[in-house]
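Enquirer: Protein chains in written order, with the working numbering: chain A, 1 to 315; chain B, 1 to 307; chain C, 1 to 252.
Do not rely on the hints blindly, as some may be mistaken.
[As the list claims (entries may be wrong)] SDA-like, lysine to any residue: derived pairs with alpha carbons at most 25 Å apart: (1) Lys192/A / Phe112/C; (2) Lys67/C / Tyr144/A; (3) Lys192/A / Leu57/B; (4) Lys58/C / Phe112/C; (5) Lys296/A / Glu95/B.
Hints are computed from structural coordinates only; laboratory data are not their basis.
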Amino acid sequence: MSKSGGWLAVVTVLGALLLPFWAEYAGEPFILDVFIRLMILAIAASSLNLILGYSGMVSLGHAVFIGIGAYAVGIPAYYDLNSGWLQLAAALGASGCFALLTGLICLRTRGAYFIMITLAFAQMMYFIFVSIEEYGGDDGLVIYSRSEMGPGIDLDDNSQLYFLVLFCLIAVMILIHRLTRSDFGQVIRSIKINEVRMQALGFDTFRYRLVCYVISGMICGLAGWLLGNFTGFISPEMMDWTRSGELIAMVLLGGAATVVGPLLGAGIFIGVETLLPEITIYWHLYLGILLIIVAKFGRGGLLGWWTRWQGRSRP
Amino acid sequence: MDSALVMIQVLNGLQLGVLLFLLAAGLTLVFGIMDFINLAHGAFYMLGAFICATLALWLDSFLLAVLLAVPITFVIGVVVELGIARQLYQADHLEQILATFGLILIADTLVQIIWGPEGLTFALPEILNGQVRLFYDVEFPVYRVLIISAGLLVALALYLVVSHTRIGMLIRAGASNRRMVEALGVDIRMLFTLVFAAGAAMAGLAGLMIAPITEASIGMGNEILIVAFVVIVIGGIGSVQGAFLGAMLVGLIDTLGRSFLDDFLRLFLSHQAAETSAPAISAMLIYILMAVILTFRPQGLFGVRSS
Amino acid sequence: MSVELEARGISRSFGGIHAVADIDLCLEKGKIHAVIGPNGAGKTTLVGLLAGSLTADKGEIRLGRRKATLLPVHERVKLGLGRTFQITSLFGELSVFENIAIAVQGYQGHSFRFWAPANRKSALIKRVHELASDAGLDHELDAQAEALSHGKHRLLEIAMALAGFPSILLLDEPAAGLGAEETQNLIAILNRLKSDAAVLLVEHDMDVVFSVADEVTVMVDGAVIATGSPDDIRNNQQAQQAYLGESGSEYA
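Bound-form chain A, shown alone:
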């Protein structure tokens, strides 16, 4: 990381730490909500980036893990099991298992087939949860208190939830930073560049991609666990394929295969989602146009554009 990048990161983290206090002082508690949602989506987008940006696996069903993580809060809560640790374990365990089982099938396919089969599995889960009346089906599941994390921690206090989410985001970003630079990361990135060559060098590429897929699913399950807590309302909509499309958009808007890209992308997306509706009720139209422009011209997303702009201003 460059020196200016380092300073920027420090300033951002400091700002993030101070935000709840400022929000209370300024009488704008709503700001916290926006940033909590932003950070949760950044975690989800980062997990997608791991398989999409770094490994070249385009999944159009990644939001399914958000749903699984969220229901891992909702279903135990329905049975009065409110322990956050239990729910977290369930979220990570369930997402990991789902990633493993579907990965075993999906990862045997390539390119377009992979895209569609991940989409299909996510829709399958969507319909399964819609059909389970017990847990609300289409109407969703409401929980009345957030996860209990232990004495002294009360997640029903928004600023405490905020710090938990912030902590998770920073931890995830550090994890991904280390992961992509590790031996494992080297293998994954090289598989994306030339899988045939990797096999000819003795790598069981299927196994590496599967492990990457499972890790990605679990991180996204974590995001779901946080989201379930945040919204207090868990519904199959959370895993609808349009949610998955939004995650892809966030990764590409910010810059794929970078640690910070997904965070930037989530920021842009939430920014658009929060501010545009103030201007027009037909804001989806402009979001759609933005996505098309980014698809056609936005190689590397915001970070890519920034790097190119920097390159131009130097002789």
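With the hints as your guide, set chains B and C onto chain A.
Expert: Coordinates of chains B and C only, in the frame set by chain A:
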């Protein structure tokens, strides 16, 4: 379980299959020949429904509305292909997904601007409103019979075009190896436009046929599109035969599953268990089918891709 | 004389075309076995079958004493097989160092290490430098692989194939596109390689073939039409007619 009920559900399954085929045929050809993933294909389904509904209300004639709506949707398909799709053929799948996702947002909003947020429905002419007596004492709505017949006719026509005409040969060749066809000096771009627009028209036809039953609504194409994707994965990308077989399989299994799975499960499970698990399992059926087929034939039943 | 690779009755068809028909082949340590033949003879298909990227319709392949006919590529590599590709297959966006490093990493057991930064272990770095200098690439380690000349690409391919101390090497036209000096360089490298491995060399460049090969097999249309020592092949009428043609008279 009486046989009339089974027959009715089989017919419903065929109806769903026929609609899925109309959607999937265009999708699989566009995908197979132009290597273009079009998430917004469902928009044509939606547009066909809205345009037909509007025309039916203005002209007070269902027949006229259908006869006009299909060509109009075809023309819209041409415009979209020339303006947007064409720019994306060279892009990789990820960019295509992002762009067509954006297109869905645009299409849904445009429909909202033009027609408002509420759905639109229209009444069928009287003659189509009745029931008709088929075999075995089965009474089935006339209109649904019409849908099935229309769909099968289009399938037959498409089959004849694809296997017995020069254009069809180019389509089949292009589906398995696009560059070869280009090298033959065929004006491939016109072929692309034709295929894309034909797909749009078929999707529009499906949408307008279902509209009197379920109403034309914003985003109606998005959910059924996913099922169309399952169909083309099962059938094999680029294959119209595959799309047909896949669509029929999916339509029948999904419909029959939803209707009869709990009866079937009651053979082994308790009444309670069968009733609670049946909806969830029947939701999974077509995806399980897809997974099974992909395990033994990763390229789908009739996959033709040469890559 | 240890037989490192043995193939019997190997066949593979694509549709109606018999790309490789009933081939027997034996690779012994310390020997370079060249396979020559006109384009379309099935040489690269043969390499694919031996390496595992293609599955044989019929026949058996043994690596050492292991039956390998059904093993996937990466398992054969673990049994000591290395290969280069007819069309250069590298990690273009990575540096030369990183290219060789990933090859060395592949040899060093599994890579399920998620935290420590890659390419820092001194043993790995040392090995990368060794391989690079053997291939004459030690001044280019930081260059992007894509940016190298074609000749250097071919050398990098070989360096990567050697990372795993292979006992069997399948080289698919390593001399393709090389200039005169580079070809001599390659010949020197091939002669060095022989002592440690059993080498299969698919080649069009007859200079290279007749300088290094201990045995030559001639393939035409998927079948073997002649096999023997280089001298035998030079004097073989059929081989000359089918393949060496006019250039063959230089060697007669």
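Enquirer: Just to be careful, I want the Cα atoms of Lys192/A and Leu57/B compared with a cutoff of 25 Å; is the pair within it?
Expert: 54 Å, violated
Enquirer: Given the hint that Lys192/A pairs with Phe112/C, does the C-alpha gap stay at or below 25 Å?
Expert: Holds. Lys192/A to Phe112/C sits at ~17 Å (cutoff 25 Å).
Enquirer: Between Lys58/C and Phe112/C, is the straight-line Cα distance small enough, at 25 Å or below?
Expert: 36 Å, violated
Enquirer: Please work out if Lys296/A and Glu95/B have their alpha carbons no farther apart than 25 Å.
Expert: 7 Å, holds
Enquirer: Please verify whether Lys67/C and Tyr144/A have alpha carbons no more than 25 Å apart.
Expert: 62 Å, violated
Checked against the numbered hints given earlier, the structure breaks hints 2, 3 and 4 and satisfies all the rest.
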